Amino acid sequence: MSYSKEELSAIQQAMDKWQVSVDKTIAKQGERKETFYSSGFNEIDRLYTPLDTFGDYMEKLGFPGEYPFTRGPQPTMYRGKLWTMRMYAGFSTAEESNKRYKYLLANGSSGLSVAFDLPTQIGYDSDHPMSEGEVGKVGVAIDSLADMEILFDSIPLDKVSTSMTINAPAAVLLAMYMAVAEQQGVPFDKLRGTIQNDILKEYSARGTYIFPVQPSMRLITNIFEFCSEHVPQWNTISISGYHIREAGSTAVDEIAFTFANGMAYVKAAIKAGMDVDKFAGRLSFFLNAHNDLLEEVSKFRAARRLWGYIMKEYFKAKDPRSWMFRTHSQTAGSMLTAQQVNNNIVRVCIQALAAVLGGTQSLHTNSRDEALALPSEESVMTALRTQQVIAYESGVADTIDPLAGSYYIEALTDKIYNEAWEKIQKIEEMGGAEKAIEIGYIQSEIQKAAYQWQKDVESGERIIVGVNKFQVQEPEPSGLLRVDPSVQKTQIDKLNELKSKRDNAAVAARLDELRQAARGDENIMPYILNAVKAYATEGEICGTLREEWGEYVAAVSL
Amino acid sequence: MTQRRIRVLVAKPGLDGHDRGAKVIAQAFRDAGFEVIYTGLRQTPESIVATAEQEDVDCIAMSMLSGSHLTLMPKVTRLLKEKEMDDILVIGGGVIPGEDIPLLKEAGIAEIFTPGTPTSTCVEYVKNNVTEKA
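Chain order of the listed sequences is A and B. Heads up: the first sequence runs through residues 1 to 558, numbered per my numbering. Heads up: the second sequence runs through residues 559 to 692, numbered per my numbering.
For the record, the hints were derived by calculation from the structure and aren't laboratory data. Remember, it's a predicted structure, so these values are computed and weren't measured experimentally. Heads up, the beta-carbon is just placed ideally off N, CA and C, and yes, glycines get one too.
Not everything, but these chain A residues come out facing chain B in the computed CB check (under 10 Å): (1) Asp117; (2) Pro119; (3) Pro129; (4) Val138; (5) Ala205; (6) Gly207; (7) Ala247; (8) Leu336; (9) Thr337; (10) Leu372; (11) Tyr451; (12) Asn468; (13) Pro485; (14) Ala555; (15) Val556.
Kindly produce the complete structure, drawing on both the sequences and the hints.
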């Protein structure tokens with residue numbers, strides 16, 4: 001990477017000469033566009049050379065498994081162990097989802113990823129009026145421990161790692177998972193997995209919040225503390241840029257807003273009296289794998305370097321594990337088209353390749369039919385096979401960080417790193433992520449980029465194959481997965497049966513203890529676990545906390 | 559007399575948090591000169607109809623990506639009918655399988671715009687189909 005002054009000046013001279021011939025060519029025939037923008041809104045130059053990539057190799061890149069981790073968090077990366085192929089799945093009842101998990105594990109999935117329905121994500125039981133029409137639709141309906149027992153039936157929890165996309169009520173679902181483990185005789189320190197538990201991006205981009213900011217942050221730090229003692233291998237949070245990007249942000253903002261949120265959690269835990277090295281090693285991330293292959297590779301690399309810097313230099317963490325950025329990723333759902341759905345297989349392959357070349361630790365690949373409905377079993381298989389082809393046939397997993405040293409990749413890595421850090425500092429000046437969300441700054445930045453994208457598509461500035469160019473007439477797609485509308489009734493029947501069978505006096509007592517704990521300031525996790533084990537429903541537990549803490553009121557902005 | 563501007567309520571029924579589409583279409587409507595009211599997330603059919611009444615809108619545009627459109631969208635049109643507000647143009651958009659569209663149209667949702675539709679198409683549709691109010 002390092003060039004002598006003489007070499008650089010020779011390159012500069014040659015480049016000036018080359019520019020003359022470029023100008024001549026352009027005078028004869030202009031380029032396809034006046035300015036080229038990446039899918040993440042970075043302006044892209046015609047050519048990158050050593051002039052763009054000055055800097056010290058050791059300071060900027062280093063070695064895999066070593067600070068600043070630009071080249072990867074582990075010393076051997078995919079030569080040691082491939083990324084976890086983790087397919088996000090869940091729909092209908094626990095019985096149906098349990099079947100899908102077993103199917104995925106039988107086909108070579110290496111970890112589970114649970115999708116919950118919206119009532120579960122927002123702390124309502126299936127019989128709540130707000131749950132009407134939503135039960136079992138975008139994920140599995142879980143009302144109580146009884147459902148969780150079925151969901152993981154015959155899946156040994158000491159053998160799989162399980163990721164759960166659950167935020168506001170993450171503590172409740174984690175407690176249910178622990179209770180199932182206990183029934184299986186699996187000790188808590190053998191449990192591996194992740195809860196998303198990232199409430200700040202719910203306020204700004206994803207929408208499944210329940211409680212106001214303060215009690216939500218308390219729940220999160222309580223989980224950090226509880227898990228560091230009892231569930232030490234559990235990733236207590238998955239700080240997510242995925243949804244920020246899906247909501248329309250630029251690539252730089254995906255990193256900036258995610259890390260601003262991450263810093264807010266670290267500060268909250270430190271404020272609650274925890275030592276940074278006690279919890280920072282269990283912080284994990286979740287990024288988008290978007291369309292622009294080389295930009296995405298640069299984004300993952302910049303993210304690792306930046307988080308390492310933030311933890312080491314800003315928070316003064318001592319343990320190298322605290323500096324390590326480990327991430328799950330998912331291909332960009334919002335880039336799938338309802339037109340010519342088979343083209344989505346190609347898009348997903350490019351996006352997945354970006355995540356792998358970027359050095360992701362785990363990956364979900366979307367299915368071709370997801371712009372139309374929940375994915376069918378057949379299209380999920382193709383999506384999983386896409387990862388397997390990349391892993392075993394493409395060769396990209398056989399050497400570490402293979403695109404390092406490309407002038408373009410290194411220049412773009414620097415650009416994303418610098419611009420994201422600038423934006424983070426701007427947010428810090430506003431008073432941090434909580435404040436920036438409260439005043440609507442983050443939401444409005446995302447919205448601006450989303451609208452710009454739409455305008456670019458409509459003006460033809462951005463081409464989406466099959467949508468605004470190369471369209472065809474095509475028949476209605478068939479074979480889409482549909483959730484049986486009787487799921488809600490099945491869940492309500494199960495709830496009624498549970499309530500008639502369980503020890504209702506014990507449930508009331510556990511909920512009352514939970515209410516007392518919510519009013520005080522001790523760790524609330526043990527109380528949630530006790531309520532869960534008494535078969536209190538998720539709605540009862542969250543309802544109790546709603547009564548004590550109130551609900552978040554979103555500022556509606558346009 | 560100057561013609562009154564078209565008033566549109568952009569609404570998110572149910573628990574779905576995906577509001578990118580709702581916000582994009584709301585801005586496109588606004589740029590087209592409509593007056594736009596956006597409900598925010600987690601609206602019940604009742605609250606949508608109440609807002610529509612309060613704001614005296616010409617059109618309700620619902621965005622749904624959670625799969626509960628067959629339950630919630632027809633409930634909105636049913637409530638409008640009960641309140642004799644069915645002169646309001648009701649349209650929808652989002653992740654909605656093609657085979658559901660005839661069912662929604664039968665229930666009084668005038669048009670469904672699926673992913674990939676240019677916002678200009680939606681704008682034109684609203685302009686051409688709202689009932690002129692005095």
